[in-house]
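*Asks:* What follows is the residue order along each chain.
Number of protein chains: 2
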Amino acid sequence: MLLLNAHPLGLEVSVFAAQSNDPASQVCGRAVLGSMEDRTDLRRYLSKLDAVTFESEFVDTAKLARCMPQNLHVFPRLEVIEGIQDRLPQKRLLDRYKIPTAPWREVSNKRDLSEVENVFENGFVLKQRRFGYDGYGTFVFKNGKADAKVLLKSNHGFIAEGFVPFKRELAISFVRSVSGAFVTLPLVQSVQVNSRCFSVHGPISHRGIKPLTQQFKKLMDDLDYVGVLAVELFDTGKELLVNELAPRVHNSAHYSIDALTCSQFEYHWRAGLDLPLPRVELKSKGFAMVNLLGEGGRVKLSYKPMGHLHWYGKFENRPGRKLGHITTLDETGKKALERALSWRKDFQL
Amino acid sequence: MLLLNAHPLGLEVSVFAAQSNDPASQVCGRAVLGSMEDRTDLRRYLSKLDAVTFESEFVDTAKLARCMPQNLHVFPRLEVIEGIQDRLPQKRLLDRYKIPTAPWREVSNKRDLSEVENVFENGFVLKQRRFGYDGYGTFVFKNGKADAKVLLKSNHGFIAEGFVPFKRELAISFVRSVSGAFVTLPLVQSVQVNSRCFSVHGPISHRGIKPLTQQFKKLMDDLDYVGVLAVELFDTGKELLVNELAPRVHNSAHYSIDALTCSQFEYHWRAGLDLPLPRVELKSKGFAMVNLLGEGGRVKLSYKPMGHLHWYGKFENRPGRKLGHITTLDETGKKALERALSWRKDFQL
Numbered sequence: 001m002l003l004l005n006a007h008p009l010g011l012e013v014s015v016f017a018a019q020s021n022d023p024a025s026q027v028c029g030r031a032v033l034g035s036m037e038d039r040t041d042l043r044r045y046l047s048k049l050d051a052v053t054f055e056s057e058f059v060d061t062a063k064l065a066r067c068m069p070q071n072l073h074v075f076p077r078l079e080v081i082e083g084i085q086d087r088l089p090q091k092r093l094l095d096r097y098k099i100p101t102a103p104w105r106e107v108s109n110k111r112d113l114s115e116v117e118n119v120f121e122n123g124f125v126l127k128q129r130r131f132g133y134d135g136y137g138t139f140v141f142k143n144g145k146a147d148a149k150v151l152l153k154s155n156h157g158f159i160a161e162g163f164v165p166f167k168r169e170l171a172i173s174f175v176r177s178v179s180g181a182f183v184t185l186p187l188v189q190s191v192q193v194n195s196r197c198f199s200v201h202g203p204i205s206h207r208g209i210k211p212l213t214q215q216f217k218k219l220m221d222d223l224d225y226v227g228v229l230a231v232e233l234f235d236t237g238k239e240l241l242v243n244e245l246a247p248r249v250h251n252s253a254h255y256s257i258d259a260l261t262c263s264q265f266e267y268h269w270r271a272g273l274d275l276p277l278p279r280v281e282l283k284s285k286g287f288a289m290v291n292l293l294g295e296g297g298r299v300k301l302s303y304k305p306m307g308h309l310h311w312y313g314k315f316e317n318r319p320g321r322k323l324g325h326i327t328t329l330d331e332t333g334k335k336a337l338e339r340a341l342s343w344r345k346d347f348q349l
Numbered sequence: 001m002l003l004l005n006a007h008p009l010g011l012e013v014s015v016f017a018a019q020s021n022d023p024a025s026q027v028c029g030r031a032v033l034g035s036m037e038d039r040t041d042l043r044r045y046l047s048k049l050d051a052v053t054f055e056s057e058f059v060d061t062a063k064l065a066r067c068m069p070q071n072l073h074v075f076p077r078l079e080v081i082e083g084i085q086d087r088l089p090q091k092r093l094l095d096r097y098k099i100p101t102a103p104w105r106e107v108s109n110k111r112d113l114s115e116v117e118n119v120f121e122n123g124f125v126l127k128q129r130r131f132g133y134d135g136y137g138t139f140v141f142k143n144g145k146a147d148a149k150v151l152l153k154s155n156h157g158f159i160a161e162g163f164v165p166f167k168r169e170l171a172i173s174f175v176r177s178v179s180g181a182f183v184t185l186p187l188v189q190s191v192q193v194n195s196r197c198f199s200v201h202g203p204i205s206h207r208g209i210k211p212l213t214q215q216f217k218k219l220m221d222d223l224d225y226v227g228v229l230a231v232e233l234f235d236t237g238k239e240l241l242v243n244e245l246a247p248r249v250h251n252s253a254h255y256s257i258d259a260l261t262c263s264q265f266e267y268h269w270r271a272g273l274d275l276p277l278p279r280v281e282l283k284s285k286g287f288a289m290v291n292l293l294g295e296g297g298r299v300k301l302s303y304k305p306m307g308h309l310h311w312y313g314k315f316e317n318r319p320g321r322k323l324g325h326i327t328t329l330d331e332t333g334k335k336a337l338e339r340a341l342s343w344r345k346d347f348q349l
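Chains as they are written, first to last, in the working numbering: chain A, 1 to 349; chain B, 1 to 349.
Derived by calculation from the structure, the hints in this document are not laboratory data. Fair warning: this is a prediction, and the values are worked out from it, not measured in the lab. Some hints here could point you the wrong way.
For chains that are exact copies, the list does not tell them apart, and a pair is met inside one copy or across any two.
[As the list claims (entries may be wrong)] Simulated pairs of lysine-lysine, DSS-like, Cα-Cα distance not exceeding 27 Å: (1) K63 x K300; (2) K63 x K145; (3) K335 x K285; (4) K63 x K217; (5) K283 x K335; (6) K334 x K218; (7) K300 x K48; (8) K153 x K217; (9) K167 x K238; (10) K167 x K314; (11) K283 x K345; (12) K334 x K285; (13) K48 x K142; (14) K335 x K167; (15) K142 x K218.
Chain A extracted, bound-state conformation (with noise of 0.2 Å):
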């Protein structure tokens, strides 16, 4: 999605991928095959570029970093990255500008976990630092006790979250340009089934959400923070912790394609090459979006007038697998959701 809003802004993209039936290979004429651990493949790519970008924070920071010509534009810089895809630093930049989150400690041995056991009495969630997503890499103890053999299924690190009782989840992101413009688009509830997004829904108010944003600009500002930057929220009825950030476009935004005057991908290349960053302007009152997860089955797609299919060409179908999704606009949010729920019925997967 991000090289198919390249494209008609003029920008000559290429994209570096592992094969030529990749999702993103299939939308681009210069795609340039290699491998993300060979270190003379990345060279070669990197060395023919005016700039570049992520659509996955999981990325070798310090591999990259080596293989990069010296004055390559990269958004967001790869120090940025590094510091968000880790939630250790994560954590610890939220605390620093006074963004709550969910209580946390950090696990890295048997002591600390039983620290945590008794820190977190009505149950916690224990991540590993890196590379987790959509619930891999996440351990849910409901009842406090967790056993220690959890330990040895990262060697990257956790740490542990304290149960927070939410009312409702929510996301937003930021979009922050080179020299500095500022945009916000729409808050959204999202829901969440087996840890995976399933659907959006907007726009949505919440007057925690000034303070939240005056505090990520002024974040975003001190790091040079330059592209999209997405942030899971939970609404505990109180207030809004933040669960946490992704430097990157994000599922929670696939509604913009759609439901907005410029998309989250056409805002991340207008903020990362510094052009101006459009008024963010609705299409429609209301806007869903709901994710086509795969089922594992024979896909069988739908075609039911009114719904914005999105189909990503992913070959493998693997249960929970993100394959696509569908948008769709109505007066309200709440009634786009249900048309779009009720369209969803119609694909097999």
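Dock chain B against the given chain A, drawing on the hints supplied.
*Replies:* For chain B alone, kept in the frame of chain A given last:
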């Protein structure tokens, strides 16, 4: 734009292109390079497809027919393209359905030309029968006298059309699917400068459009026409005359990417693959599109807010060449057009 709209539908698309940096190759990981003149290239390409369609009607239908595997699904059918790409059978087709056009005569030789000079005393236009577009192959004789040398300019023959005093130019597109579903895109007003489409805005209403739509529905049903059919019209103030047809997606409906919930490109794919055709819905009360026509200079794109930029990735900047377009949405078509025209000024082409 056909390809950009095919990817999200989950179609595995491949383009046959002359060069790897052709606009279409840039947005397709499965570009197949070859020449439309080379039967081996064509056969190799066509043998791997389930279905094929065209972005231009200027194809050698006889050669294509010889190179096509027997059961390849081609939309629109080659016979239909053949009957429209040549202005003579196109005019005869419209006459057969009593669809009003500018008065016309076939012109193959000097004698025909003399006759035309007598019939169209108030002036006429000589148009070569094949391969004419954007004013290429069109010769205007305002005083009704032609130099017979012009007949040497094409070996495809000509038709002559008597001048039509018109109030404004309009355009409309119809879509018909394999199983006969039929939709009509909004009627729009187009402004031509130097025989090239400069801007389009809409929606426009005209009482003549309802009966015309019925005539075209009959025509398309009879021809088993599949895909988008674009119709350019003269509004004489009294009636609507058909100027010309294009058996494909068309510049006059490029606004549809941003202004309709389903673009003409998505309609074309859906029609050809016999998917349901969504109801036509506007995302905004008014819309406008302004073409970015080359001026032969050094290109400087504008990135002002709100306009949707669609840059085509063409490398050669010839004066008058269509290099891209911008779309705007507003309360009325006229307001959208004003805005688009003012933003157009920020581009240097």
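*Asks:* Does each hint hold? Answer for all of them.
*Replies:* Hint check results:
no.: 1; hint: K63 x K300; result: neither (41 Å within a copy, 36 Å between copies)
no.: 2; hint: K63 x K145; result: neither (38 Å within a copy, 75 Å between copies)
no.: 3; hint: K335 x K285; result: both (10 Å within a copy, 21 Å between copies)
no.: 4; hint: K63 x K217; result: neither (30 Å within a copy, 61 Å between copies)
no.: 5; hint: K283 x K335; result: both (15 Å within a copy, 17 Å between copies)
no.: 6; hint: K334 x K218; result: neither (33 Å within a copy, 41 Å between copies)
no.: 7; hint: K300 x K48; result: between (40 Å within a copy, 22 Å between copies)
no.: 8; hint: K153 x K217; result: neither (36 Å within a copy, 65 Å between copies)
no.: 9; hint: K167 x K238; result: within (9 Å within a copy, 63 Å between copies)
no.: 10; hint: K167 x K314; result: neither (34 Å within a copy, 52 Å between copies)
no.: 11; hint: K283 x K345; result: both (25 Å within a copy, 25 Å between copies)
no.: 12; hint: K334 x K285; result: both (11 Å within a copy, 23 Å between copies)
no.: 13; hint: K48 x K142; result: neither (51 Å within a copy, 55 Å between copies)
no.: 14; hint: K335 x K167; result: within (20 Å within a copy, 44 Å between copies)
no.: 15; hint: K142 x K218; result: neither (36 Å within a copy, 67 Å between copies)
The structure is inconsistent with the numbered hints 1, 2, 4, 6, 8, 10, 13, 15, although it conforms to all the rest.
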